[in-house]
Each structure stands twice: as structure tokens, then as C-alpha cells.
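Enquirer: Sequence:
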Amino acid sequence: MKRALSVYGAVLRLVRSLPKDARPYYAKYARENFVNYRDVDASDDTKAMEELLNRAYVHATWVLNKYNVDESAANQLKKLCKNS
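Straight run, no breaks: the sequence shown in full-length UniProt numbering ends on number 84.
Just to be clear, a hint being listed does not mean it is correct.
[As the list claims (entries may be wrong)] With beta-carbon atoms standing in for the labels, derived distance ranges: (1) Pro19 x Thr46: 28 to 38 angstroms; (2) Asp44 x Asp70: 28 to 38 angstroms; (3) Ser43 x Asp70: 32 to 42 angstroms; (4) Asp70 x Asp41: 27 to 37 angstroms; (5) Tyr25 x Asp70: 17 to 27 angstroms; (6) Ala27 x Glu51: 16 to 26 angstroms; (7) Lys47 x Asn68: 26 to 36 angstroms; (8) Asp39 x Leu12: 13 to 23 angstroms.
[To be verified] The calculated EDC-like cross-link candidates involving lysine to aspartate or glutamate, where the alpha carbons are at most 16 angstroms apart (straight line), are: (9) Lys2 x Asp41; (10) Lys78 x Asp44; (11) Lys66 x Asp21; (12) Lys79 x Glu50; (13) Lys2 x Asp44; (14) Lys82 x Glu32; (15) Lys78 x Glu50; (16) Lys2 x Asp39; (17) Lys79 x Asp39; (18) Lys2 x Glu50; (19) Lys82 x Asp39.
Rather than coming from a laboratory, the hints here were simulated on the basis of the structure. If you're wondering where the values come from, they're calculated on a predicted model, not measured in any experiment. Positions of the beta carbon are idealized from the N, C-alpha and C atoms, including for glycine.
Let the sequences and hints guide you as you build the complete structure.
Expert: This is the structure in C-alpha cells:
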């Protein structure tokens with residue numbers, strides 16, 4: 001759970017690098033996705049958790065590219081998501 005919360009925080013920090021008018025939408029999108037999957041228990045289903053964290057990273061980099069934000073801004077998120 002702690003790792004998922006760290007990823008959520010990193011995603012919200014990345015949202016701050018988006019244009020001001022896009023921030024509320026993506027902050028809400030991130031929250032909804034994390035709330036939808038909060039019942040996934042990392043100790044019970046590690047594969048599902050890894051898949052969700054990888055998807056968070058992929059979606060975040062896609063959004064950064066969409067708004068021409070340097071993808072290197074997601075390096076911390078990548079470390080959190082790819083950490084086994």
C-alpha cells in the first residue's frame with residue numbers, strides 16, 4: 001500500500017508540470033483510478049499490483065508527451081513503478 005501511495009503522490013507531482021487548464025482533469029483522473037483499484041492487495045496479488053503500477057507509469061508518460069513535457073520528469077515515478 002505504501003508503494004501505491006508513493007506512486008500516487010508522484011503522479012500528482014507530475015500533474016503540476018502540465019498546463020494549468022489541464023491539471024484539474026488529470027488530478028481527478030488519477031484519483032479516480034487509484035480509488036478504483038485501492039482494494040488490490042500487493043501481498044495477495046503481486047502481479048496485478050505490478051501491472052497497475054506499470055500502467056500508471058505508461059499513462060503518465062503518455063500525458064507528459066501529449067503536452068510536450070520532458071519525459072525525464074517521470075524518472076522518479078519510473079523508479080517507484082519499476083521497483084520490485
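Enquirer: Within 28 to 38 angstroms: is that where the Cβ-Cβ distance between Asp44 and Asp70 falls?
Expert: About 37 angstroms separates the Cβ atoms of Asp44 and Asp70, which means 28 to 38 angstroms holds.
Enquirer: Checking one constraint from the list: CA of Lys66 to CA of Asp21, max 16 angstroms. Satisfied?
Expert: 14 angstroms, holds
Enquirer: Sort out whether Asp44 lies within 16 angstroms of Lys2, counting only the CA atoms.
Expert: 15 angstroms, holds
Enquirer: CA of Lys78 to CA of Asp44, is that 16 angstroms or under?
Expert: 23 angstroms, violated
Enquirer: Range first: 16 to 26 angstroms. Now tell me if the beta carbons of Ala27 and Glu51 are that far apart.
Expert: 23 angstroms, holds
Enquirer: Between Lys2 and Asp39, does the CA-CA distance stay at or below 16 angstroms?
Expert: 13 angstroms, holds
Enquirer: Keeping to a limit of 16 angstroms between CA atoms, is the pair of Lys78 and Glu50 held or broken?
Expert: Holds, at about 12 angstroms.
Enquirer: Within a Cα-Cα threshold of 16 angstroms, do Lys2 and Glu50 meet the stated pairing?
Expert: Holds, at about 14 angstroms.
Enquirer: Is it true that the CA of Lys2 sits at most 16 angstroms from the CA of Asp41?
Expert: The given pair, whose Cα atoms are some 11 angstroms apart, holds under the 16 angstroms limit.
Enquirer: Check whether the Cα positions of Lys79 and Glu50 lie no farther apart than 16 angstroms.
Expert: 13 angstroms, holds
Enquirer: Given the hint of 17 to 27 angstroms, is the C-beta distance from Tyr25 to Asp70 inside that range or not?
Expert: 21 angstroms, holds
Enquirer: Could you tell me whether the CB distance from Lys47 to Asn68 stays inside 26 to 36 angstroms?
Expert: 34 angstroms, holds
Checked against the numbered hints above, the structure breaks hints 10, 14, 17 and 19 and satisfies the rest.
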